[in-house]
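Peer 1: This is what each chain is made of:
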Amino acid sequence: MNNKRKLNRFGIFLVAMFVLIAILADIISPHDPWDRFEPYEKPNRNHILGTNDIGNDIFSELIHGSRASLVVGIGAAIIATLLGLLVGLFSGYFKGTLDEMFMGITDIFLMIPRIPLIIILAAFLNSSNWLIMLALGLLWWTSTARVVRSRTLQVREMDYVASAKCLGFRNSHIIFSDILPNIFPVVVPKFMLTVATAMISEASLSFLGLGDPSMKSWGLMINFALIKGGLVNEMWWWYLPPGLCIILFVYSIVSLGFSFEERKKVNLR
Amino acid sequence: MFVSKKKVLRYFIALFIIFTLNFIIPRAMPGDPITNLLGENFIASETMIQELKIELGLNKSLPAQYLDYWKDIFTLRFGYSYHFNQKVISLIYMRMKWTLALLFPSILLGAIVGTLLGALSGWKKNNMPNKATTWVFLATYSSPPYFLGIIFLYIFSFKWGLLPFKGFYETGTLLDVIQHLFLPILIMSAFTASRNYMIMRGSVLIEKEKLYVVYAHAKGLYGNSILFRHIFKNASLPVFTLIALDFGFLLSGALFVEIVFSMNGMGTLIYEALLSRDYPVLQGCFLIITIMVIAANFIADILYSIIDPRVREKT
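Top line first, the protein sequences correspond to chains A and B.
Position one of the first sequence corresponds to residue 1 (the working numbering), numbered consecutively onward.
Position one of the second sequence corresponds to residue 1001 (the working numbering), numbered consecutively onward.
Keep in mind the hints are simulated off the structure, nothing from the lab.
As the structure is a prediction and not an experimental result, all values here were calculated from the model.
For each residue, glycine too, the CB sits at the ideal point set by N, CA and C.
Hints should not be assumed to be uniformly reliable.
Just so you have them, the derived chain B footprint on chain A, three or more residues with Cβ under 8 Å [claimed, not checked]:
id	stretch
1	96-110
2	164-177
3	196-204
4	207-217
5	220-231
6	253-260
Below 27 Å or equal to it, Euclidean Cα-Cα: the simulated DSSO-like pairs (lysine-lysine) are [said to hold, decoys possible]:
id	chain 1	residue 1	chain 2	residue 2
7	B	Lys-1087	B	Lys-1060
8	A	Lys-228	B	Lys-1159
9	A	Lys-42	B	Lys-1159
10	B	Lys-1071	B	Lys-1060
11	B	Lys-1208	B	Lys-1219
12	B	Lys-1233	B	Lys-1210
13	B	Lys-1007	A	Lys-95
14	B	Lys-1233	B	Lys-1131
15	A	Lys-228	A	Lys-42
16	B	Lys-1233	B	Lys-1125
17	B	Lys-1087	B	Lys-1053
18	A	Lys-95	B	Lys-1005
19	A	Lys-95	B	Lys-1006
20	B	Lys-1208	B	Lys-1125
21	B	Lys-1208	B	Lys-1233
Work out the full structure, taking the sequences as your base and the hints as a guide.
Peer 2: Given below as C-alpha cells:
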C-alpha cells in the first residue's frame, strides 16, 4: 500500500511539473524559441541542448513545445470525457430506446479507424493544433461512454437514487448532482488514459508532418529532427529530448491513472 | 454464427457511414474537387480537365455521383493514382501483405507475452522483479511506437550494425525477410504486449479477490495452478475485447513503425501519398483499413461468443 502511494506522489509531482513548465514557459526558457542563432550547434553553456537546423535554441523549443503538446492532449481528453460522460450518463439513466440509440452510435464510432480518418482530414484541411485537438476529442469518447454507462446502470439502482426519485427531484438534478459524483472514480482514470492516447496520437500525426508548424509541439520537433538529418548525424540532443518528454509525461499520467484504478478496484473495460 | 442480428446491423451501418463520409470529404473540403479527387500532383490542361470531369462524373448531380460511388466500390474500382501511375486497388494489394506480415505475428506474440506476464504480475506479490516488469511495460505503453522504432533502429542498425536499416525486397529469401522484419515485429509486439499486460494485470487483481479463488485455495490447489486453471480463463476475457477494440489503434501503430523502417507496406504508402497529397491513394487506404478493422471486430465477436457462453445465451 505504502509503495502505491509513493508512485502516486511521483506521478502527481511530474504532471504538476510539466503543467508548471507549460504555464511558465516564457519565464523559464533562456531564449525565444523563434530566435535564430548559429545552426547545428552542439550543446554548450549558452545552448544547453544545442541549436537546430535553422538555429533555434532546442532547450527553449522543448520548454515551449510542452504548451502545444499539453494543450492538444489535455484539451482533446476534456472534449472526449465530457462527450463520453454525457452519452454514458443519459443512456445509462434513461435506458430503453435512448440507450439503444446511443450505444448503437457508440459502437459505430468505436469502429471508425480514427488515426487514418484524422490523417485524411488533416491532409485536406490546413492542419492546425486546434483541428487535431477537436478531431481527437470528437473521436475518442466512445470507451469513456461505455464505462460511464455501465457504472450509471449500477448507481441508478441504488437506494438513494430511488429516494431522490420519490422526493420528486427532476431527472437532470438526479443525474448531475446524485449520480455524477459516484461516476467520478471511473471517469478520472479514464480521463488520464485518454490524455495519454491523445498525446501519443498527436505526436504520431506530427511525425507524419501533419503537425502545426506555427505552434511547435514535441512531436513536430522529432519530425523536424528526423527530416533535417538529426538522426543520421548522431545529434541525439535534438531528437531524443522531445521524445523523452512525451514518454515521461505520458508515463506519469498513465501510472497515475492505473494506480487510481487499482486503488479503487474498478475495472475499466 | 453467434453474433446477434443487432450487432451485424451495426456493422453494416458503420460501414455505410464511413464509406459515405469518404464520399463527402473530398467534395466538401475547400479547394477544387477535381484536385481533391485526383491529387495535387496532377496537372492538366483546361480541356483535359473538362474531359476528366465527365469521366469522373463530376458534372452529374450529387445523388447520381453518390450512386456511381457505390457502384465503384462494389466493383473494387478505387480510382487511379496519378502519382504512382497505377490503380489504387492494385497498389494497396501489393503493399498490404507486408503490413499484415508485421501486424499479425505482433498481435499474436503481444497477446501471448502480455497476458502471461500480466497474469503472473497480478497474481504474485509485489516484489522487485514484478515491479520492474510493470515499470518496463508501463514505459513501453507510454511511448509512441515510432519513437521506440527510431531508438532501436539507431542502436541496433546504426551503432552496432547488427540488423539492416531499411525495407526489404520482393526477391529476398525467407531469411532476409525474417532479418528485416525482426526489429519491427519486436517493437510492435512490445507495444501490443504492454497494453495487454496492463489490462490482464488489472483483471487478475480483481478476479483473485473472488470467492471461487478462495474455494480453490481451500481445496488445496497450488498457487500457479489456481491462476492458470481457474483465474486465467475469466481474467483473459477483457483482453479479447481489448484486442478487437484496439485493432485499429495497433494497425495505425504498425503504419508508423513501417515508416520508420521504410518497409514497403501500407504505412509507407500513406506517407508517400501524404507527401504528394495523392488523395485517391489516401482514401483507398482509408477504406481498406476500415474494412479490416470492422472485419477484426466481427471475428472478435464470434470468438468471444465461443469463449464466453454467457454471451451466446443472451443472443
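Peer 1: Of all the hints given earlier, name the ones this structure violates by number, lowest first.
Peer 2: 2
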